[in-house]
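Q: Protein chains in written order, with numbering that gives the first Met the number 0: chain A, 0 to 320; chain B, 0 to 298.
Among these hints, one or two may not hold up.
Claimed, not checked - Selected chain A positions facing chain B (in silico; Cβ < 10 Å):
hint : residue
1    : A11
2    : W68
3    : T280
Hints are computed from structural coordinates only; laboratory data are not their basis. Quantities reported herein were computed from a predicted structural model and do not represent experimental measurements. Backbone N, C-alpha and C define an ideal beta-carbon position, used for all residues, glycine too.
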Amino acid sequence: MARMTARRALLAVPVLLAVTLGVFAIAAASPFDPVRAYAGDAGLTASQQNLDQIRHNLGVDQPLLARWWDWLTGALTGNLGDSATLRAPVSQVIGERIGWSVLLCALAFVLAVAFGTLLGVLAARRRGGLLDRAVTSVAYALEAAPPFWLGLLAVWLFALKLGVLPAGGLTDTGSEVATAGQIARHAVLPALVLAVSQLPWFVLYVRQGVGDALEEDPVRGARARGLRERTVLLRHALRSGLLPVLTLIGSRVPELITGALLVETVFSWPGIAAATVDAATAVDFPLLAALTVLATAAVLAGNLLSDLLYGLADPRVGFDG
Amino acid sequence: MADPTPTAAAPVTWHRRSTHTAARHRTRSLRVRTSAVLVAAIVLAVLVVPLLVPLDRQAVDLTLKLQAPSWAHPFGTDEVGRDLLLRCVYGLRVSLLVGVVAALAAAVIGTAVGALAGALGGWADRAVMRAVDLCSSVPHLLLGIFIVAMFRPGVWPVIISVALTHWLSTARIVRAEILSLRSRPYIDAAVSGGASRGRVALRHLLPGVLPQAGLAAVLMVPHAIWHESALSFLGLGLPAHEASLGIMVNSARSSLLAGDWWPTLFPGLFIIVPTLAIAGLAGAWRERLNPRRRSELML
């Protein structure tokens, strides 16, 4: 297992290198000019000499590969450049914000797994029944619904109509210190919406897994032995039916990141996903590049987790990959 | 509720399964028919309505701003007094157009790459599939945001961003299909009949994968619409005058915070309903193509 982890970590290095190179190549191909953006309105009246000086200072007069290499060697020493919009080093921006994103995603993930399993089992118990059809239809509709739209409707209902939860941010307006209670209250809506956007996948896969397991021989045997239906469902069908779902959990990281990008923006959650959107709006390349690489690393880690779980759950697989 | 029906005996199981299947079949055909009607209605609406009611006539009328849904305005009016139903139809038109073009582009890229990898085989195949794995390790929306941020504003950056992030699954499907076709006897027959490599690829392999590729393209349309609305909602998508559904949801935010729900609710429904309708139709098509994979999930 340790060997597989090490192997995959080594394999991740060329992938991350290629992604950084790709990011630099896209930026180099784009019509966007960092010098113009840096100079702003002053760029219209500045002399060509000044503009060239800025170009040189920013390092964008270098060829693509040289810039990439500079960035890479800097990144290895923890220097990811400076974010122009947030006026801070990129590493500091990420350090300050990543905790909030992880908190939000972890909450949402736990909620989605818990409710997904519950609803999936309930639906699988009687496939084709009323409950199953209701759960499946709602799941497909939610799968199609954009998370930002769900978030806005949740704000309307819970913050405006019922007035029970805050509409966004991390703390109350005018509050100087962030207390745990305030943060918890502010985290409820974003975490719920993110969980709901991930929920359909879990529900449908658990339903499929448990439903298939219910038609297999071990379950038939358990029923023949006269075990209670609950025991059959929870101890036999759920156990074997949940296995494929558990092993796919790691592969949900990209969807989680996609959801977080939208949900954090709607709720002004101070995480890195919202910062990504801000960075994109302002074409803040250093920040955007670092966050893209970070997200790729997260996806690779998720894939590794998937394979490890698979090996753990099913000893026949082994850790060769 | 314990289920008393004995399931151990084979004949009983068969009986139960067949009634199950019959019920499922009924709901399925109902779903397919509803989807077909919806898709037809949507296509008709986005094609015909703009001919009958030009958007220019949707002049701003501040005396009518933010009217709740009524008979005159079934979806209500927006923050400058324009009819939301009409704007939703226009928004869907923009979103569908972008979605269809992007999905087509993604399908063409995916088919070309997948067919090349599958037909060439060997190290070329391995290299191409490595690249596909590489691309799929960057989250779609994030890569899309990055591309759009670097090339915006405009319609084309959005289409390119969606196409460049969505060809991966098509490439995988087409490659797998080509690999399975390559071992069929009729390909052997063509090769031993003296057909050139190119001829085998173009005349014998490619037509065999076209149904799968077409299906992938159709299934891609809702994804593309979803993607475009997300980008537009974030303010990174289409330019503001191309009123797509995502832009409508975004510009409704201020009225939502003032308590008016309808400018937000209806554009979102206009994203969900076409998605479900297209997915329903594509699902039926898929069952026809590979009936054995019927129980597979459609996500």
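Q: Are the hints correct? Go through all of them and say.
A: Okay, the hints, checked on the actual structure:
1. A11: OK, holds: A11 (chain A) within 10 Å of chain B, min 9 Å.
2. W68: Since the shortest Cβ distance to chain B is 20 Å, the answer is violated.
3. T280: holds (6 Å)
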